[in-house]
Structure formats: C-alpha cells, structure tokens
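Asker: Sequence:
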Amino acid sequence: MYSPPGRNSIWAQFFTTLNLIFNQGVRNVRKSHGNAIIGLLLNIAQTVILVAVFMAIFLFAGMRAMAVRGDVLLYLMTGVFMFMAHVKVIGAVASAEGPASQMMKHRPMNPIVAIGGAALAELYIQVVTVVMLLFLYHALWTPLTIYQPIQTFAIFLTVWFAGLAIGVILYAIKPWFPSASKLITMFYTRLNMVASGKFFLANSLPENVLVYFMWNPLFHAIDQARGFAFINYNPMHTWVYYPLVFGLAALVLGLLGEFYTRSRVSMSWSAKH
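Each residue of the sequence shown is one higher than the last, beginning at 3 in my numbering.
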C-alpha cells in the first residue's frame, strides 16, 4: 500500500539536495580551470586589476574629495568587492546547466542543483578573494580597520543573493531567448560600472540625480557597506534591507519563470540553439 513520504524522507531529500549542490559547486569551481588554485588566483588578479584601474581613474580625475574621509583604497575595495560578487553570480547562474542540457539527463541533477552549485561556487571564489586581498593589504601595506566587519560582510551576502535572484530570472528566459539573455547580462554588467556608485557617495548626490540610482540593489549595498566599514559615514538615502527585499521578489519571479520553462522545454531546443 502506498504511504506518503515521512518527515525523515523529506529531510533525507533535503540533505541529499544540499550535498548535490555542494558537489556541483566544487565542479563549477574547477570548471573554469583544471587547477582550482590557479582559477582562484586568476579571479584575484582580475579583482586587483579592477581596483588598480579604478584607483588610477580616481586619482587622475581628482575625485579624492568625493570619498569618505579615511582609507581611499578601502573605499574603492568596498565598491569593487560588492560589484564583483553581484555581477559574477549573475553571469554564473544565468549560464548554469539548463533544463535541456546533457547534464539534466542524469537523474539526481535538476535546475535547483545547477543554480545552487553555480551560486555557491561563485560565493566561495569571491569570499576567498576578499579575505586574501584584505589580509595582504593589512599585512604588507598598512593596518586595516573596518568599523563593523560583520555587518559589512552581511551586506556582501545580501548583494550576492540579489545577484543570484537576477541570475535566476535570466536563467529562466535563456531557453526561450538565449541571445537576449546574454545581451541583458552584458548590458546590466556594463551599466553597473557606473550605476553601482563605486566612485561616489549617495549622500553627495543631488535629489534629481539620486532618483536614477535608487532602483539598483548594488547601489544600496555599496552605500550601506561603506556606512558599516567607515565610522564617519552614515548613509542617509539608501536602505539596508533593499538588496534582500529586491532579491526575494526577483527570486520568486525567477523560480516561477523557471518552473514554467521547465514544464515546456524540449530537448531539441539545445540542438537548435
């Protein structure tokens, strides 16, 4: 006689899914490069180059007065770290194994595992990158003081989560419009080079300019992160919970779209596209 699954089986499925996500995350970390250490070093190098370029622009453009009073490099790193965590997870999730991919033919594999593995791998890479760069800067250059490090890291996690949610939306539309999904991802990344607010503070913007940035969860996250990282900066225009609320709303829409796509996708789509 059929009996509904008990609580133990539900928990067993839950932990099995977590284990699959972990293993998929390990696979994604190693996918970009055969040696995981070299892959991590490449990401660190990319972040360092981005910080160096922004520092050069910041100095030669005479934008020092726009920064928070304190460590200028930490001011830039808070913006770059949040930016990298946000846009990298969007690209990773949007390009994860789709419902028509060959990996989905293996029974334990499903879109949730693919999405979770891609997001977890990117979180691991970005967290290790941040920790290593901050340690090297503190040990080799100058002692580093972050006013509220736990709250700053919490903002880092919320902006990663917001990027995950946006990536799920792009993941859902990719089987229907693969070229449009890539174009939107590229456009959003390029737009946030300016719209994220890495170079300026929300408190310094006039009201008529500020309205063009308030939609962006990354803008709120960077401004709030600087409020937690620097003792002498108090964000007045951004909301600390905005990236989380934005991410939850976008995640619901993305999962609804993914479920709709999964129920209608055909294996022939992957051959066509």
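Source of the hints: derived by calculation from the structure; they are not laboratory data.
Owing to the predicted nature of the structure, the values given are computational and were not obtained by experimental measurement.
Note that CB positions come from ideal geometry on N, CA and C, so glycine has one too.
Treat each hint with caution, since some may be false.
Computed beta-carbon distance windows for the label pairs [unchecked claim]:
hint	residue 1	residue 2	range
1	A156	A251	13 to 21 angstroms
2	M57	P145	13 to 21 angstroms
3	S11	T147	33 to 41 angstroms
Asker: Are the hints correct? Go through all of them and say.
Answerer: Against the structure, the hints:
no.	hint	verdict
1	A156 to A251: 13 to 21 angstroms	19 angstroms, holds
2	M57 to P145: 13 to 21 angstroms	19 angstroms, holds
3	S11 to T147: 33 to 41 angstroms	50 angstroms, violated
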